[in-house]
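Enquirer: Residue-level listing of the chains:
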Amino acid sequence: MAAPIGNVVIPGDSFSLMQLKTPDEHKKILLGPGLKEEDTEIKVLRPGILRYRKPGVYWVDCHHKRYVPSKGDSVVGIVNQKVGDMFRVDIGSSEQASLSYLSFEGATKRNRPDVKVGDIVYAKLLVANKDMEPEIVCIDSYGRSSGMGVVRNGGFLFHTSLNLARKLLNPQCVLLKSLGNRFQFEISVGVNGRVWVKAGNDIQTIALVNTVIASEFKDNDQIKEMCKRISKAVSRMEVD
Amino acid sequence: MASFTVVKKEDLDAELEKGPKCVLRGQTSDLGCLTRQDGSVSLSQGDTTSIAVVYGPAEVRINKEKIDRATVEVIYRPKIGLPRPNHRKQERIMRNTLEAAIAANLHPRSSISVVIQETEDLGSNLSCSINSACLALLDAAVSMNFMVASVTVAIKENSDMILDPTKRDETEAKSVLTYVFDSVNYQILTIVSCGKFSRSEHKKGLTLAREAAKSVFQFYRESMSKKLLMSE
Amino acid sequence: MRETPLSNCEREFILKNISQQRRLDGRNAYDYRDLRIAFGVSLGCCHVELGKTRVLAQVSCEVGEPKQTRPHDGVLYVNVELSPMACPSFEQGRQSEEGIELSRLMERCLKESRCLDMESLCIVSGEKAWHVRVDIHVLNHEGNILDCASIAAISALAHFRRPDVSVNGEEITIHTLEERNPVPLSLHHMPLLVSFTFFSQGKYMLVDPSSKEEKVMEGKMVVGMNKHRELCTLQVTGQMLLLKDQVLRCSSIALTKVTKITELIHQALDNDKQARSKGEKHGFAVLVSGDKVTANRLPKIEVNVEKFEDSDEMDEGQSCSDDADAQNGIEELEMQTEAAPRESAVEILTKGVGVIGEGGASTWLDIPQENTKQQAAKKRRYKSVAMEEGIGS
Numbered sequence: 004m005a006a007p008i009g010n011v012v013i014p015g016d017s018f019s020l021m022q023l024k025t026p027d028e029h030k031k032i033l034l035g036p037g038l039k040e041e042d043t044e045i046k047v048l049r050p051g052i053l054r055y056r057k058p059g060v061y062w063v064d065c066h067h068k069r070y071v072p073s074k075g076d077s078v079v080g081i082v083n084q085k086v087g088d089m090f091r092v093d094i095g096s097s098e099q100a101s102l103s104y105l106s107f108e109g110a111t112k113r114n115r116p117d118v119k120v121g122d123i124v125y126a127k128l129l130v131a132n133k134d135m136e137p138e139i140v141c142i143d144s145y146g147r148s149s150g151m152g153v154v155r156n157g158g159f160l161f162h163t164s165l166n167l168a169r170k171l172l173n174p175q176c177v178l179l180k181s182l183g184n185r186f187q188f189e190i191s192v193g194v195n196g197r198v199w200v201k202a203g204n205d206i207q208t209i210a211l212v213n214t215v216i217a218s219e220f221k222d223n224d225q226i227k228e229m230c231k232r233i234s235k236a237v238s239r240m241e242v243d
Numbered sequence: 128m129a130s131f132t133v134v135k136k137e138d139l140d141a142e143l144e145k146g147p148k149c150v151l152r153g154q155t156s157d158l159g160c161l162t163r164q165d166g167s168v169s170l171s172q173g174d175t176t177s178i179a180v181v182y183g184p185a186e187v188r189i190n191k192e193k194i195d196r197a198t199v200e201v202i203y204r205p206k207i208g209l210p211r212p213n214h215r216k217q218e219r220i221m222r223n224t225l226e227a228a229i230a231a232n233l234h235p236r237s238s239i240s241v242v243i244q245e246t247e248d249l250g251s252n253l254s255c256s257i258n259s260a261c262l263a264l265l266d267a268a269v270s271m272n273f274m275v276a277s278v279t280v281a282i283k284e285n286s287d288m289i290l291d292p293t294k295r296d297e298t299e300a301k302s303v304l305t306y307v308f309d310s311v312n313y314q315i316l317t318i319v320s321c322g323k324f325s326r327s328e329h330k331k332g333l334t335l336a337r338e339a340a341k342s343v344f345q346f347y348r349e350s351m352s353k354k355l356l357m358s359e
Numbered sequence: 222m223r224e225t226p227l228s229n230c231e232r233e234f235i236l237k238n239i240s241q242q243r244r245l246d247g248r249n250a251y252d253y254r255d256l257r258i259a260f261g262v263s264l265g266c267c268h269v270e271l272g273k274t275r276v277l278a279q280v281s282c283e284v285g286e287p288k289q290t291r292p293h294d295g296v297l298y299v300n301v302e303l304s305p306m307a308c309p310s311f312e313q314g315r316q317s318e319e320g321i322e323l324s325r326l327m328e329r330c331l332k333e334s335r336c337l338d339m340e341s342l343c344i345v346s347g348e349k350a351w352h353v354r355v356d357i358h359v360l361n362h363e364g365n366i367l368d369c370a371s372i373a374a375i376s377a378l379a380h381f382r383r384p385d386v387s388v389n390g391e392e393i394t395i396h397t398l399e400e401r402n403p404v405p406l407s408l409h410h411m412p413l414l415v416s417f418t419f420f421s422q423g424k425y426m427l428v429d430p431s432s433k434e435e436k437v438m439e440g441k442m443v444v445g446m447n448k449h450r451e452l453c454t455l456q457v458t459g460q461m462l463l464l465k466d467q468v469l470r471c472s473s474i475a476l477t478k479v480t481k482i483t484e485l486i487h488q489a490l491d492n493d494k495q496a497r498s499k500g501e502k503h504g505f506a507v508l509v510s511g512d513k514v515t516a517n518r519l520p521k522i523e524v525n526v527e528k529f530e531d532s533d534e535m536d537e538g539q540s541c542s543d544d545a546d547a548q549n550g551i552e553e554l555e556m557q558t559e560a561a562p563r564e565s566a567v568e569i570l571t572k573g574v575g576v577i578g579e580g581g582a583s584t585w586l587d588i589p590q591e592n593t594k595q596q597a598a599k600k601r602r603y604k605s606v607a608m609e610e611g612i613g614s
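Residue numbers (our numbering), protein chains in the order written: chain A, 4 to 243; chain U, 128 to 359; chain W, 222 to 614.
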């Protein structure tokens, strides 16, 4: 019996190492989130769909609403507090992340970045460890912003489940493609389930927000149909 | 303080005719029924319903922080009046049971809190609370070593067994036993008993409850599969 | 627990749109969200959904002494609970400012409007009277808890029945529900609360605010009214000044809302009554429909009890069957582990759990191209499975 890849697994399920057979050329396997090795068995810790990727990577794709930081993740956070040289940023995890004022592009001790409490930042996790406070930065290793930093100029921020955020981030995402065919908009999606969106006008922005939220339990055909309806409704409203 | 339920006489007569009942009442679950929480479920077993929500792994208050694992908190909310000592006891039973199931070492210095609201107590309330808590944990995708399922058995004076008793069955019975099993080997995690019972009665109840628990686990799996596969 | 802070961009966006008469959920300024009223199996149990805001109210009663200052009256308690259930920022066991304001307003709405005939709750003057208690539990906070709670409380009071009592000289008999039909509480009228939120110094006004709108509001006015146009409560909070016109306009809006809601409550009560008299299924369990993706239904099942007979015959002295079972289980497990080849072709790279946050960058997301075809095939399979399940449920 092979491991139930693509099927639903729930906590308490287990399978032996032999079941996780990988093609002969790869003898090593890597267990991702939701799986644990115990003796000769692989145990499932979280309910979700078991996924496999070459070479030998297994993980459980599950539905979360609460974010658990992971190194290198791109997140959207809300600046909550200024403490000395640091900003405390809410990224939805159990602890607030810290963001040094020097980790912005072009920031020096003299030239402080203009960040206010309540601002939104798009940042990457530099330190993410279960035993340590998460730390985020708005620059890459070359000191360039590469798209990160404070998100300004209007728009709207809303919260989704992490699963939906991951779906949006997938390059093959049907929802964003079919919305993109009809509207012009900027979007930044954090894997922590925060999405910032800004379209040509506020009506469109509101429509986009509601479409994204409504797409959670819809399949691709339903999503396409919904986008068609929404764009019609929006163009009618804009005329009024 | 009390609230009342009207039971029709015909219904009662019909029930009595059936004799000993080894039937698990119908169950319904609604995952993610609330919006502000990390996981939520409304579960009904027969007419008994409860709503459970889960937050976690979330921020923990400093005096409850544990450096090597997550703090598991359970809050039980009765429908009538303020929480009383017996509700505190119930909270403790549930906390100890859930602590065994949750893989708390994965999220040190955080809290996993479960809040359970009784919405309709018409028998086997503790079972319904524990099962709803487990489903809420599954909905929030909190890491767990195994799942738990609870089944209540009432023993009548003539040592007849009633599975998943109603409120009336519970008051008429000489003892009420609530069993909690794990989902791997179907071993006992918790037993809560009330009233007198003999050893053989206990064994009888245990076998019955264990069989019933298997279908509860199946129900969990179906509920989760439906949600996860449909939103593919 | 800490609540997610509101970002500046949300605040600005909401305020800007309110000034253009637009709301995030597409409602007009004076629209309520969808309202759903449901009753439980037990009497006086009401569950109200206003959009996503959910409130549960339960009425209960017991016989006790009346208050010395009012020997001919029963007693009504109102208790509003804001528990962490509804929203992570609410704390267990400690009333927040918001909680106190809420319970005070609910008390004013129910007690001081004298909607409940207290004298009819008296059994023996100065000695025995009914104590009626309304417990209001907020289950989900998505804004406008107050209106939702007032609807739940008054519907629960209207739904409640207390046991009948007869007094014969010194003797008081409380009849059980089987002996005599329970009697309803006598409600004179149905006061309901309608909240109005104000923005930009009272320039813009919204009915039934959502939680985000509540966070950016400047002030709030609560109007308590019944359908007979009688004002029961009026409270203004926040830092703003209101014009006389606005107060009058609010009260006339409140009247139309209250009339509609009262109608809905009566309809819900009638539906419940009919379902009960026909012996149909009622209560919360029936409300969950199996068609939803997130909902599931398991019919009544008979548990197979073949094994059960064996254990019946078992001697008391015999060793506990569980121990034996457990031992068997362990043996089996040992056998399995032995059977499993020790030198597996598979090697574990990282020991222990798939820990989050240790090791390199997260690469879970970019699924390589060669896999997509395979995945598409798999997806088709899930769909067929899902469809089967859909038919099954």
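Hints were generated in silico from the structure; no laboratory data involved.
Hints may contain errors.
[Claimed, not checked] Straight-line Cα separation of at most 27 Å, BS3-like style, residue types lysine-lysine; simulated pairs: (1) A:K133 with U:K193; (2) W:K521 with U:K341; (3) W:K424 with U:K206; (4) U:K294 with W:K424.
[As the list claims (entries may be wrong)] Just some of the chain A residues that point at chain W, by a computed CB distance under 10 Å: (5) V82; (6) D93; (7) G95; (8) N114; (9) D117; (10) G121; (11) D122; (12) I142; (13) L160; (14) F161; (15) G203.
[Claimed, not checked] Residues of chain U placed beyond 12 Å of chain A at every Cβ, according to the derived structure: (16) P210; (17) S350; (18) K353.
Cβ atoms here follow ideal geometry from the backbone N, Cα and C, with glycine treated the same way.
Enquirer: Now, for every hint given, state plainly whether the structure supports it.
Expert: Right, here's what the structure says about each hint:
As the CA atoms of A:K133 and U:K193 are separated by approximately 13 Å, the hinted pair is consistent with the 27 Å bound. For the hint pairing W:K521 with U:K341, the CA-to-CA distance comes to about 14 Å; that is within 27 Å, so the pair holds. Restraint check for W:K424 and U:K206: the C-alpha separation of about 41 Å exceeds 27 Å, so the hint is violated. For the proposed pair U:K294 and W:K424, the alpha carbon gap of about 55 Å is over 27 Å, so the pair is violated.
Checking A:V82 against chain W: minimum C-beta separation of about 8 Å stays under 10 Å; hint holds. Hint status for A:D93 relative to chain W: holds, with the closest Cβ pair at about 6 Å, below 10 Å. A cut of 10 Å between beta carbons decides the hint on A:G95: the least distance to chain W is about 7 Å, and the hint holds. Hint on A:N114 is violated. Least Cβ distance to chain W is approximately 22 Å, over the 10 Å limit.
Checking A:D117 against chain W by beta carbon gives a least distance of about 13 Å; that is not within 10 Å, so the hint is violated. The criterion of a C-beta within 10 Å of any C-beta in chain W is met by A:G121, whose closest approach is roughly 4 Å, and the hint holds. Against a cut-off of 10 Å between C-beta atoms, the interface hint on A:D122 holds, since the closest Cβ of chain W lies about 6 Å away. Among the interface hints, the one on A:I142 is violated; its C-beta lies about 16 Å from the nearest C-beta in chain W, farther than the 10 Å criterion.
Hint status for A:L160: holds, given a least beta-carbon distance of 5 Å to chain W, under 10 Å. With a cut of 10 Å, the hint placing A:F161 at the interface with chain W holds, because the nearest CB-to-CB distance is about 8 Å. Taken as an interface hint, A:G203 does not check out: its beta carbon lies about 14 Å from the nearest beta carbon of chain W, beyond 10 Å. With a cut of 12 Å on Cβ distances, U:P210 stays outside the contact zone with chain A, its closest approach being about 26 Å.
At roughly 10 Å from the closest C-beta of chain A, the C-beta of U:S350 falls inside 12 Å, breaking its exclusion from the interface. A beta-carbon of chain A is positioned within 12 Å of the beta-carbon of U:K353; the least distance is around 9 Å.
In summary, the numbered hints that this structure violates are 3, 4, 8, 9, 12, 15, 17 and 18.
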